[in-house]
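K.L.:
Based on the provided sequences and hints, a complete structural model is requested.
Number of protein chains: 2
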Amino acid sequence: MPIYNAPLADMKFILNDVFKAEQFWQSNEKLAHVDAATAEAILEEMAKFAQNVTHPLNRTGDEEGARWENGEVFTPAGFKEAFRQYADGGWIGLGADEEWGGQAMPKMLTVLSDEMLFATNPSFMLYPLLSVGAGMALNSYASQEQKETYLPKIYSGEWSGTMCLTEPHAGTDLGIIKTKAERNEDGTYNITGTKIFITGGDNDLAENIIHLVLAKTPDAPAGSRGISLFIVPKFLLNEDRSLGERNPVGPGSIEHKMGIKASATCVMNSDGAKGYLVGKENEGLAAMFVMMNYERLSMGIQGLGASEFAYQNAAQYATDRLQGRSAAGVQSPNKPADSILVHGDVRRMLLNVRANNEASRAFAVYVGQQLDITKFSTDAEAVKQANNRVALLTPIAKAYLTDTAFQATLDAQMVFGGHGYIREWGMEQCIRDLRIAQIYEGTNGVQSQDLIGRKTIKCGGAFIAEYITEIRDFANDLDTDLNFIKDATLDAATEIEAITQFIIEQAAENVDFPNSAAVDYLHAVGLLSFAYMFAKIAAAAKDKSGDFYQNKIALAQYFVDRILPELDARLAKIKAGSDLIMNFSEITSQTKLNFGVMLKTASIIWLRQFFYRYNKISIKLA
Amino acid sequence: MPIYNAPLADMKFILNDVFKAEQFWQSNEKLAHVDAATAEAILEEMAKFAQNVTHPLNRTGDEEGARWENGEVFTPAGFKEAFRQYADGGWIGLGADEEWGGQAMPKMLTVLSDEMLFATNPSFMLYPLLSVGAGMALNSYASQEQKETYLPKIYSGEWSGTMCLTEPHAGTDLGIIKTKAERNEDGTYNITGTKIFITGGDNDLAENIIHLVLAKTPDAPAGSRGISLFIVPKFLLNEDRSLGERNPVGPGSIEHKMGIKASATCVMNSDGAKGYLVGKENEGLAAMFVMMNYERLSMGIQGLGASEFAYQNAAQYATDRLQGRSAAGVQSPNKPADSILVHGDVRRMLLNVRANNEASRAFAVYVGQQLDITKFSTDAEAVKQANNRVALLTPIAKAYLTDTAFQATLDAQMVFGGHGYIREWGMEQCIRDLRIAQIYEGTNGVQSQDLIGRKTIKCGGAFIAEYITEIRDFANDLDTDLNFIKDATLDAATEIEAITQFIIEQAAENVDFPNSAAVDYLHAVGLLSFAYMFAKIAAAAKDKSGDFYQNKIALAQYFVDRILPELDARLAKIKAGSDLIMNFSEITSQTKLNFGVMLKTASIIWLRQFFYRYNKISIKLA
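Protein chains in written order, with the working numbering: chain V, 1 to 622; chain G, 1 to 622.
A hint or two may mislead.
Copies of one chain are not kept apart here, so a pair can be met inside one copy or by any two copies together.
[What the hints assert, rightly or not] As a list, the in silico SDA-like pairs of lysine to any residue whose alpha-carbon atoms are at most 25 Å apart:
| id | residue 1 | residue 2 |
| --- | --- | --- |
| 1 | 280 | 152 |
| 2 | 147 | 279 |
| 3 | 575 | 491 |
| 4 | 335 | 175 |
| 5 | 544 | 336 |
| 6 | 542 | 585 |
| 7 | 20 | 252 |
| 8 | 335 | 225 |
| 9 | 335 | 194 |
Hints are computed from structural coordinates only; laboratory data are not their basis.
P.N.:
If you want it as structure tokens, here you go:
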């Protein structure tokens, strides 16, 4: 029953008009194979796949869920065929190097194709996403032979990939993992331990699964400096790389979750499974973070996809639903009631969602472009700048885009009234599926710590200062007819500059301060980023005619009027400091009443007789 | 696995210290049967019932769900026995008149017993809640004979009650309902039509179900002035009031929902079912709103209950979970990691939830007290004032308490990291179950319209002005050592006064303005209300020693520092006006790209060969 139409016009606008992508690609030798027509055709193709293949499997996948039977995982009906079609179409390697069978497409483009998959079927999307992430980690850190062995099979979809980090007692704190890796004489390792929350840890989509497992060798240093990364295949390979014997690594069960039910979240047990070291011992975390950073931007795209899906359905529902009359008088006299689109509050909710989508999409493409510069540019200074920008913006792309998208999907659900709570309309699944994006790959709280700590305080605010300089340069060049967004963006930049300075000063005096301020700071920088994106959008739309473009400017104005005011609240919270939070005593203790008279049955009738009817006295209790 | 300990100490503090309930009860002849000891014993009894009976059935109820089989509804295992125990204990009539078997307890007290049931099992709670609501409507509008027939059976739990309002095409807009009521010669009516979203529409808990059905007689005026209310029993009664033949009203199916899965949400079909008019023809809506207002405050309590449940579990998890180290250095050297309670961000989330709970509880008791005044006071002026206050605050109790509680449960879930997303921890169910409270009984958007329209603009701001006077009187009397909350409360009152004036002026010029401003206004008044509650809490705690009381004052400070700053953002959004929202064109249209080259299969490999490998030209697409 839910609908989905790929927002191709909006995507094209962002790529061509806002970011002038073709110009960027054509000016870079390593991206010169991409032009606007190719990019648009790719998006059109993915739109078909998303609309016709993954979208119809979204609700059935939720209802059926992934199953764990007799020690194996089965995906819901249709997933296997869809995965095969996706793999055979060459989509898994869309952004991967040609050398390993990839299509070498820029991130600016793949974020948009990813959006369509996340919009239509986040559970499905996670399977190839993990393969791509595993591929990236291997591509960066594995030996040539390992790359030759695994990468072509991963990008062809014959094999899939996983990332095995979390253990029951170790999530954010990977330094305390217990999985052991014992070296064999032949240079392989025996891997033993239990991992949890392993997406696609087992599945029936691929004939082999390449697990990337974090483990500790017996003599490893304590903490996160003693973690190594291993390739642990589900099936070991024969010398000719055909599948050999089953490696003792497999799913002990799958989790029962709030959402993404068609994505198998596995408990993985390794019992002396054979593993192959990736890179050097004790340097595994760096390799895993190649993968993690890729996933983190993807989670932001998950938010955008869900929010776009929610918008389309809510806007359609609001158009169709007749209920009440406009405050301005009857609008549809021939109908029993007006469309609820006449109500300002319904429009407000829809515009919240839409503003989120357009700013998020621009921001995703912007971060994608920065990633493309780091990968493809030959200008060392540009690469350095882009690396700093990616470091700064990855936590925002992950956390801010998922936080705002989650609120947006709630607004969209509310447009449906009671129907939004009913499964068949698809809104409640959208919300359940999206919620995990705020939690996994490092909770949004952890992202905020990353932003305020490693990415801001540690470099003395250098990364954010560079970003603000870029924003100011852009805003200052805006025409005066865009003063509304120019002023708002410049004001926000000044406020972020000041609060960053405040944070750095406070952190020097109070080690607990940054942690307490982190989430509000991330949201504050997120608001500035969205203002910057709307400045770009408005600038691109300004000289074009037609509702499509004028709405972009109106949406920028909506953002300034109705969303950006949240910035000051964030700043006020940061300025409140951390002393009260840290000093608050007894967060957990429950002071219980201890009544002297303990009654046997919970009966108000009995009580009333006791206290009131007969005694009419106040008995001293305790 | 989730825990629940009834927060009896906090409840006792609110009743005894903040609101001096015993003094209030004892000074009122009709409430003189209640004293503090009785109240505390009742709460203690309900705590046992909630902890031992409804709490253990919460997750099993969610997993099993209500079932519809062969035209009948079955509640999950254990619900029938629990309902019987609840009914036999006299709890259904806790707040009902003695004349009909009730216990005549004040609302100030019953909001707290309701909180415990909502905290432990919202699905269960909805069954008796609807009975109580039906009882209230009958008590206000039914004939003496109808009361004698139905009320004792409802309060004893032998029969249950429903409210049948919504139809597939008519939710908020009840004026367009289609259910017909045709008068028979004997004065009864034949009721025909379909109702949806009927909570407990059928169930196996009670031997008969008393449906209160809104319907239109053939010659009724159009719109909401032509709606009548009917009693439509599941089983008709014989002359001796024993159960007679089955009335043709029953469940056509039950909904599959995001949450409250153990609560049967029924599609109800009436096919010429026999109905008995309540009150007069065309005056049904007033009777139904007696019930609706009662339910609306209850929904706020649902929010409070869920948020309290979430707090307890998150605080416990945070205490137990060892992960990472404090920024201030190792706190638990003998353990592999520190408790996550050392992190400011975790504490911030917990304090958000806790601040919400304590202010919400105070506000619920405050509104309960106002309701008690309207019902029990003999002072006409006091009754009038209290009626105005109840009118003003009911939408806030419903919408603000559920909006803030929902955010609070999200914060609590986030404390769990990935485990919060797993069903067995209970947090995700808490969120799914709570979400409906923002939607049903009039969405929170509709509540906001009620507040800004009927309750504010219509009376020229008189109700809010009276409320602000009360708040100022209280705040001005605070001691200087509470200046932090005194000043914050007085400032907020002044801001609300100004924005109310602004709204009234704008509304006179622009009919669309109030609708667009409504939700932000409701939240603004909600923030003022919570400031007022914290002023009361701080005043009650100030002169007492011990962490329990000092934490109340610290929490008030936390509210001022970290939550109240949202007020200015709300005001800024209201001031932005409605023109942009109302004029935004094409909210729904999807401008689609229309590519000239339509490709048969979604294959990036094919595309790439086509565009890049062979042609290396940019083909003009459309």
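K.L.:
Up to 25 Å between alpha-carbons, please classify residue 335 paired with residue 225: within, between, both or neither.
P.N.:
Answer is between: at 19 Å across copies they meet the 25 Å cutoff, but 69 Å inside does not.
K.L.:
Quick one: residue 147 to residue 279, C-alpha cut-off 25 Å, is that within a copy, between copies, both, or neither?
P.N.:
within (12 Å within a copy, 81 Å between copies)
K.L.:
Regarding residue 542 and residue 585, is the shortest C-alpha distance of 25 Å or less found within a copy, between copies, in both, or in neither?
P.N.:
between (55 Å within a copy, 16 Å between copies)
K.L.:
Measure nothing new, just compare the shortest in-copy and cross-copy C-alpha distances for residue 20 and residue 252 to 25 Å and report within, between, both or neither.
P.N.:
Answer is neither; intra-copy 49 Å and inter-copy 56 Å both fail.
K.L.:
Should residue 575 paired with residue 491 be assigned to within, between, both, or neither, using CA atoms and 25 Å as the limit?
P.N.:
This pair counts as both: shortest intra-copy Cα distance 18 Å, inter-copy 19 Å.
K.L.:
Between copies, within a copy, both or neither: which fits residue 335 and residue 175 at Cα up to 25 Å?
P.N.:
between (65 Å within a copy, 13 Å between copies)
K.L.:
How would you label the pair residue 280, residue 152 (within, between, both, or neither) given a Cα cut-off of 25 Å?
P.N.:
This pair counts as within: shortest intra-copy Cα distance 23 Å, inter-copy 78 Å.
K.L.:
When no copy is named, should residue 544 and residue 336 be tagged within, between, both, or neither for a Cα gap of at most 25 Å?
P.N.:
neither (39 Å within a copy, 61 Å between copies)
K.L.:
Is it within, between, both or neither when you check residue 335 against residue 194 at 25 Å Cα-Cα?
P.N.:
between (62 Å within a copy, 20 Å between copies)
Checked against the numbered hints given earlier, this structure breaks hints 5 and 7; the rest are met.
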